[in-house]
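**Q** Protein sequence lines, in the order shown, are assigned to chains G and W.
Count along the first sequence starting at 1, add 717, and that's the number in the numbering used here.
Count along the second sequence starting at 1, add 188, and that's the number in the numbering used here.
These are calculated hints, taken from the structure and not from any lab test.
Any given hint could be a false lead.
[Claimed, not checked] Simulated restraints on C-beta separations:
(1) W:Arg464 / G:Tyr796: 39 to 45 Å
(2) W:Glu691 / G:Ala753: 32 to 38 Å
(3) G:Ala777 / W:Tyr475: 28 to 34 Å
From a predicted model like this one, the values you see are computed outputs, not experimental measurements.
Don't be surprised by glycine CBs; every beta carbon is placed ideally from N, CA and C.
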Amino acid sequence: MKCVTAGEAARFACTARRNNSLSSSGRLLVFGFVFAVCMGIALAFTVLLGAWMILPFAGAEMLVLYLAFHHVGRHAADYERIAMEGDSLAIEVRDGGHVRRFSLNRQWAQVVCAGDGSRLALRSHGRELEIGIHMNGEQRLALGSALKRELKRELRSIG
Amino acid sequence: MEAAHAHGHGDHAHHPAGIMRWIQTTNHKDIGTLYLWFSFTMFIVGGVLALMLRMELFQPGMQVWQPEFFNQLTTMHGLIMVFGAIMPAFVGFANWQIPMMIGAPDMAFARMNNWSFWLLPPAAILLVTSFFVPGGATAAGWTIYAPLSTQMGPGMDLAIFALHIMGASSIMGSINIVTTILNMRAPGMTMMKMPLFVWTWLITAYLLIAVMPVLAGAVTMLLTDRHFGTNFFNAAGGGDPVMFQHIFWFFGHPEVYIMILPAFGIVSQIVPTFARKPLFGYSSMVYATSSIAILSFIVWAHHMFTVGMPAQAQLFFMYATMLIAVPTGVKVFNWIATMWKGSMTFETPMLWACGFIFVFSMGGFTGLVLAITPVDIQLQDTYYVVAHFHYVLVAGSLFAIFGGTYYWIPKWTGHMYDEALGKWHFWLSMIFFNVTFFPMHFSGLAGMPRRIPDYALQFADFNMLSTVGAFGFGLAQLLFLWAVLKCIRGGKKATDQTWEGAEGLEWTLPSPPPYHTFETPPVVK
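Here chain W stands alone, though its shape is the one from the complex:
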């Protein structure tokens, strides 16, 4: 007979300690924590770059930076926020929550999970240090359009390598998430009983698997055009620079939904909890999410209306884009219907969720405006577009990330956060966000182009207001750091259920949950 196992199933206290715990960990909770801290660090870095941009734009004329450096700041702000802050934050939530929500002991491939995370810091280092190589960081915009991107210095190569590494990390993470959700659900948890957050992440993971090879192929073709004499995007050699835009946006538009679908999931968890009612229209939420994901593959050319395309193609992409408003509208309707006649309270997570619904809907409406081809041709590359995607990505993705953090941090740490701090953080963020980005609609409608360090005098007031708002928004985020650190260090003990209206397997666990949870699956009735 073989020797007995060293530890019993219930030996929750045992886990490695010190720095090696974090480097070698295969525990989903540890890896979730690593993702979230990494994401916050990159959020601060990307935020500082944004404030450097706003410094320059405070007044017309060249104030602080050289135009070349301004373009580098614009590009790196976009790349860092998309690939370093928003995406890893949602993967952090997925790591913490998915196993606990479906009654699984961990992610399906725990070691691969560790690799997925530890690929990110080297990629981030490549991105950030590219500022210090000859010629500086890439300045081609986060979309790295050819032929601009085929002509830049080594900073562009570093960005390409960073994108490759982050892409590999995303693919491994997605495969892990798909396998975990499909194969490790607790007995009785059918697909249509899964929490909405799990559903949205399953669909997001499919999107990632579908589009990441497209990005990898695109940046590899850029690399070979730059260094190995190929002519994929070089018109002089028989290539086509517009092809890069088609390939990039075939990846890029689903990428937009990769950054918002998990946010929908978080809001769909928060709203029923604080309305003390089950989510209205659960199945329609699932179908709406799937519809948005499917439609995301057939709308990419709305980013390219000014490039030139047949009128039939313009019509197709315009109507397909407008069609996305239908499932998105279903979601907004369902959240509001969930609140209808609910016993609502407005703790910090609910404030963020309500803020999300309100401000994200405004971003959705400006998206509809931009979907109309003749309007888009007027507004292409103006600050109206900048306002639109910040309403979607900051007020959408980021607000949901904050809401999700306040919602689940009592479970993660075992302590309640400081409610007053959380509320201050929300209201300051909400006010300064709108002070920053709402004027951009007007400057955009008046014709102010994006990615330009100088502007005509007529835009001065709006830009001054945006800069004041940006610094206010940036400073407000320090309150978030304070609230999180305070919560980690102590505070009122959180109960297992934490919120009166919370439902789901994660709330059956102690707060904080033991290092290993659901080693044997619970039965869902």
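Just chain G, with the same shape it has in the complex:
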């Protein structure tokens, strides 16, 4: 989680990314290694012994591994960004290839936070949007407090 409270474009901005313990270069390296070993074995059997039927199975397996890593890669860049921009509280959520944007009037927005940090949501006009999906309980509590503080400050400045 990375939050700033005095940015240029936004007064308050917070970005949370999903946990990825494998970098994209690491993914490439692992796939390359496994691909080289598996296809090397299959090709060796094909060329040296004529046992070519191992090759299609190795190919199919590598395809499944590629799809698995591709799926992981697509979601590696998932994030959630909350920013106060002008009169609105903007929330941007990237999930796989899709980016969804929500905008709330910051004078009406309320922060709903469970006491143990298990759930954090923004409420406006009777509807709720859950946020902090990529955060742990402590981080949700911290974000909830920061958002409440910022919204309160905004209301005070209007008053």
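Model the placement of chain W on the given structure of chain G, informed by the hints.
**A** Only chain W this time, still in chain G's reference frame:
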């Protein structure tokens, strides 16, 4: 604005109920439980087949079964124990433990995880029902050597399909495990901070990915030789039956390590807990495991010394095989060094771990004996080999599975198991295991061939002893079932940490853990 999510992050109580929970589940704990029960069921089936074998071998002469059926029993006992009992048990442990040990919410591909499991029951049904097709089950041994396997009835085809399905299940499981471990570790959990069990499973998954296509190719070539007129293994058509052995053992030897590396991981978790000391030589354990995995690819022909090969090849495979003793020795040394001056207690999991180290080392030593080419040529296909691989697979893999179950079952169920029952189970198993298999060294050294239902009178005493031991060992396993069921139904409440010396993320969770855990990753310092 979109509608709110139906459940909060902390809504742990919600999960499906009834039979559909188990069929549709994508939860790693449920799937782990399914794997473990499946494995135990297959262990009982394979065990009954073993007792049927021992019944026949109780006395010399043909007693109970026809020779053809005896060969079917031998084959199916091996296939069921390897592919149905040992491998799925370790996948069950992986499902339960890996996400909790690395701070992940679940496996990376939860739905694929469900498929991986549900492929297994149809494969098991194919294997077991092959006894009832014309000609009976395959009788070519678990190694299904050609050209014997190209000549058998439809039972062989069912076994081939079962192996294909189980292979697909293993591949999906391995890809899931690799992706989970590499990409879903909690922040701060670097590779060299991972629990040893996770490390051993990561390396095992790589081995599975590398060798499963080789098995799939081998059995497909068998199938096409049998039904589609190819001649891969038919010498009359220009094929080579010895090629099957090379292909099979290129898969088969790493397969041996697939069945033992996770056991090393379990023992490496148990020993530090009950010695109340950190594992001695953590990094050397990781490197030793990797070395064993790498070496497993260059030793396959030690299973084939009697087939005939150049002296240089015999020397290479002999020395390469002996080399495996070095990293294995490092592991045994480290476990003992962990115990050295530790505040040890001997609860049931520790008894199994100590039993594992003692008896597995004996299996390792007989492996070294068999690695010596001229000795192996004498002992090939004798009961000495049977004794060796049962010391490794029963006293190795199975003992670690029992130890791991007693170690983690308080976490899984929230109840402590009955310590007295666990200890009875250990001591009876340990004694009867040795009564069963130790005499086989002598009958093997004296020349008794394996996979033969009758034998010369000189082997009668050893065989009678082995049969008595086998029935004792089999009955002792009912104590395990009793202990597990008793623990599931109730018992003393297990604390979160359960064991005084236990360390790791899984012990920070409640016992039993909620249905969903680590939905947001913990930070490892």
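**Q** With reference to the structure, classify each hint as holding or not holding.
**A** To see whether the hints hold, each was checked on the structure:
1. For Arg464 of chain W and Tyr796 of chain G, the hinted distance range of 39 to 45 Å is satisfied, since their beta carbons lie about 43 Å from each other.
2. With their beta carbons about 37 Å apart, Glu691 of chain W and Ala753 of chain G fall inside the hinted range of 32 to 38 Å.
3. Hint check: Ala777 of chain G to Tyr475 of chain W, Cβ distance near 32 Å, so the stated range 28 to 34 Å holds.
Taken one by one, the earlier hints all hold for this structure without exception.
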